[in-house]
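Enquirer: Residue strings, one per chain:
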Amino acid sequence: MFANVSFPLLVVVVLAYIAALLYMGRYAARQTKTSADYMVAGRQMNAFLMAMAYGATFISTSAIVGFGGQAAANGMSLLWLSFANIVLGIFFAFIVLGTRTRALGQALDVRTLPDLLGRRYNSNFIQSYAGAVIAIMMPIYAAAVLIGGARFLEGALNIPYWLAYVITAAIVGWYVFYGGLKAVMYNDALQGLLMLAGIGLLYVLTYVKLGGFGAAHEALTAMTPLVPAKLKEAGHLGWTSMPAFGSANWWFVFSTLVMGVGVGILAMPTTISRFFTVPRDRDIYRALTVGGPFIFVIPGTVYVVGALSNIWFHRTTGKLAIEVAGGNVDKIIPAFISGAMPPVLTYLFVLTMLAACMSTYSGQVHLIGTALGYDLNRNVRQDERRRFFWSRYGMLIGLIVSMIVGAVFPGNIIAVATAITFGFCCAAFLPIYLAGLYWKRVSTTAATWSMVSGTVVYWFYMMFGNARMAGIFKLGPALMGRPSLAGFPWSVVDPLTFALPVSCAVLVVLAFVTAPMEAKHVERVWHAFGRKAPASSAAAGN
Amino acid sequence: MWGLGDGGIYLAYLGNILGAILCFVWGIRYWNYEK
Chain A
1 MFANVSFPLL VVVVLAYIAA LLYMGRYAAR QTKTSADYMV AGRQMNAFLM AMAYGATFIS
61 TSAIVGFGGQ AAANGMSLLW LSFANIVLGI FFAFIVLGTR TRALGQALDV RTLPDLLGRR
121 YNSNFIQSYA GAVIAIMMPI YAAAVLIGGA RFLEGALNIP YWLAYVITAA IVGWYVFYGG
181 LKAVMYNDAL QGLLMLAGIG LLYVLTYVKL GGFGAAHEAL TAMTPLVPAK LKEAGHLGWT
241 SMPAFGSANW WFVFSTLVMG VGVGILAMPT TISRFFTVPR DRDIYRALTV GGPFIFVIPG
301 TVYVVGALSN IWFHRTTGKL AIEVAGGNVD KIIPAFISGA MPPVLTYLFV LTMLAACMST
361 YSGQVHLIGT ALGYDLNRNV RQDERRRFFW SRYGMLIGLI VSMIVGAVFP GNIIAVATAI
421 TFGFCCAAFL PIYLAGLYWK RVSTTAATWS MVSGTVVYWF YMMFGNARMA GIFKLGPALM
481 GRPSLAGFPW SVVDPLTFAL PVSCAVLVVL AFVTAPMEAK HVERVWHAFG RKAPASSAAA
541 GN
Chain B
1 MWGLGDGGIY LAYLGNILGA ILCFVWGIRY WNYEK
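The listed protein sequences derive, respectively, from chains A and B.
Counting from 1, position 424 in the first sequence corresponds to residue 424 in my numbering; the numbering is continuous, with no gaps.
Counting from 1, position 16 in the second sequence corresponds to residue 16 in my numbering; the numbering is continuous, with no gaps.
Only chain B is shown next, with the shape it has when bound in the complex (with noise of 0.2 Å):
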């Protein structure tokens, strides 16, 4: 898809883009955790 290349890149390519946005999404969800 994209001409990315073989499925090896393809997911290593949406995993750094998933991985960042779970930090965010984490980051955002625990912004006031009492501790």
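Extracted from the complex, chain A is given alone in its bound form (with noise of 0.2 Å):
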């Protein structure tokens, strides 16, 4: 893949960050004694370590390598999920919900995001169907990242697939087991600085490359008329414009892209967990002023480059960059960082996207860890040896899962099967867990049903009315012997679309027609929303 780099100094460079990480592991692993330090990292991270935590298991090797690629395919309107990202995803989640689920996190005990839905409804079947939701849709997400980093260490060390895959499980697998939570957090700050360096640098060299910045933007939308008949039929309209609005590119990126994982980032449960890490809200607030320039640098300008590389294809190989990658979306910007970039820095870029997958992979595989072996499992909660334990094997049980999804998955798969990821939490979660931060009138049974209906009905269209999602699993047009049960436009509809409003319908119907959860417990959950933070943490960080 970098014919233009010296393989000898390649391998010392990735074997020297392997080191690092493993180093960073052992450390972490050391101030991991308790069950709170594997799972919430003892509540004692500061700002700087959950921003850069927060961003790094944000932005996987999926929003760089899947959706830098579908940039290149549908053009600049990918910006606005990274618009999303930033207002919903860092600004909303940090304000919103972040410093209410920092203060109930704190005040209860919670450690994870089903354990926070249990006990704010009071009820332990939201907390193992929560934890059923993520241990059987995080894998999917989990193994679209694997395959993602796997594939760049493939290439990058010329190395068979196979064995990319597992050194790649193996490392993050090896210190997210010992070293926890600490250990995610600590590697992640490192790798969402090697992250920041290298799609900076990215972003700069490629306006040079091309001319500077107006030069690049004039020169890519003089290439309108290039756009394939096909993406042409489908609704592109050139790099530089927005699709035609209702055609299947449009529902594309704003159902699919900007809905389901603009939207979606708000319940998703490895970045809420970021919240019960840190002592106060000062630490959340502090915590933006890294997250929002981070996410604007990754993945936005992920996204220009994406659509600016067909300039790059264009003039030093005569056809478009989807033409280069033949068609496969997720080989774009690999091909474009080999061949468009200095050598000297590819080194930086190949750190850059293993640093972008192992960031995200160790964030999920924790996280599926604790929702077999904490959420799901009952007999445990409440017992801190067995729950440490089953804390540190679930998460090889997720691993080795995640491992097998990736095995049997297609190819050019990885920004849908983040999306679906995203949606299906988004659609389980997101109301409940909103409600449960701002709606003291909101029930059990309201919360209990919006977030079976939600999963229920993402799941059929999923199945059955999507046609690119149904294609993947193949259930639905086995079953009906056509690719979706509905014509243009449902069957490039996101599930999402139905999904979350039919669970914020019956949260809101059954709240107001069923009886209010008793009063003692919802003031016992706003008290927690109102507690100064503890005197001694607060002087700590001073």
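Incorrect hints may have been included.
Covered stretches of chain A (chain B as the covering partner; in silico rule of three or more C-beta atoms under 8 Å from a C-beta of chain B) [stated by the list, open to error]:
no. : segment
1   : 188-194
2   : 281-288
3   : 291-303
4   : 394-400
If you are wondering where the hints come from, they were derived from the structure by calculation, not from laboratory data.
No residue lacks a Cβ here, since even glycine has one placed at the ideal position from N, Cα and C.
Hints in hand, dock the two standalone chains.
Expert: This is the structure:
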């Protein structure tokens, strides 16, 4: 993949990076003595670590390789996704959700999102069901991330794909097993810095290579007549134009990518759990200063670079990015970095991609571990020694499951697999999570049925409605004998478009027709929101 | 303007930059928030 660099030196750089990760894992393992250390990093992380961990977990290889490739195919309309990521995924999530999530986590000793929902609604079923949703859906997302990282390592080190796959999973598995969330967050900070450096340089150098900001955008606009006929039919109006309103391309960009991922992040358990790791609200506010710019640089700039890569490919090969990649959008960004960037910077980009993969994958397998070992394992929740043990071994099971899922996945899948998990978690968790933090009236029954209806509608439409998703799982097409239950535009609409309104409607209607929760319990929860941070931690942070 | 493309793309690009600035300014504003 990288013919322009010294192979032995590249191997040394990658090995040094891996050694740094393992060292951080060992350092974190020494500080990990309780299940709270393992699951919520002892609630003593600082704002910088939280911001970097949130950002690096949020932005994976999927965002860089998968969605960057989508931008190369669909154009800069994907900038609406990074806009949603900043405004909703960072600003709204930190201020509106993060502060109350942190407060409740600290007051009730909450460890995970399912734990938070279970305690807020006083329901073991909600905790177990939410844990099951995570245990089933998260391996799909984890597999997509692992595939992206392994493909990159395979190309960079010129090793067999299966070996790259096993190495990536084994390194992450080792440090998460021993160091828990502390290892995840320390390594996320390191990986986040690498990503900022790598992608920041990619952004600047792409404009330099293409003759500057204005010249690059004008050149891309001038390429509009070159849009392939198939994409034109789908509503593609050029890489610097929005897709035709209501077209297949518009629905994919806005319902699957912008809504599915942009809104979905609000209910993504991997990032929500970062709010449990800081002791005070001010840490969350301070983290905003890093989080917003981080998301602008990655993935905002990647989407710009993805679209602009068409100019470079066209100038050097006479073909568009999607044509050079043989139709597989996941190959576009690696091919562009390898061909267009100076050799010396390729080393940094290789680490950037590995960092993007491992930082997200570590958070995912840690989350699957806590879901299997803690949320779904009711017997161990009150037993410190056993919940520590089972969270660790649950993580190992999650790791293996994600590896199996990744092995059976088809290619060209990264962006859609990511959107599926984001969408599923959003339909299941977002209404009850938001209501749990802000609406006293909502009852356990309303929350339960909202979550169940959201998942059922999403699952049904994913299997039978959305042709692209149904094609991955193959159940719907096999039973129906056609790709989708309905024709255009319903066959391209994302399941979340129906699932989220249904889960919201069920929540609101049942909240009004069922008895509210016991006032004493609700007051206890609301009391937690108003509590000041412990004096010791406040003093420690100054 | 600046050859960025149509209005939708221009707004999205600008929105990204302003959003990042908003996060930064808000974080500084509540740097010492008492809770």
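Enquirer: Next step is simple, just say for each hint if it's right about the structure.
Expert: Evaluated hints:
1. 188-194: The restraint on the segment 188-194 of chain A is violated, since only 0 of its residues have a Cβ under 8 Å from chain B and three are required.
2. 281-288: Per the Cβ count (6), the hint holds.
3. 291-303: holds (count 6)
4. 394-400: Coverage by chain B is violated here, the residue count being 0 at a Cβ distance below 8 Å.
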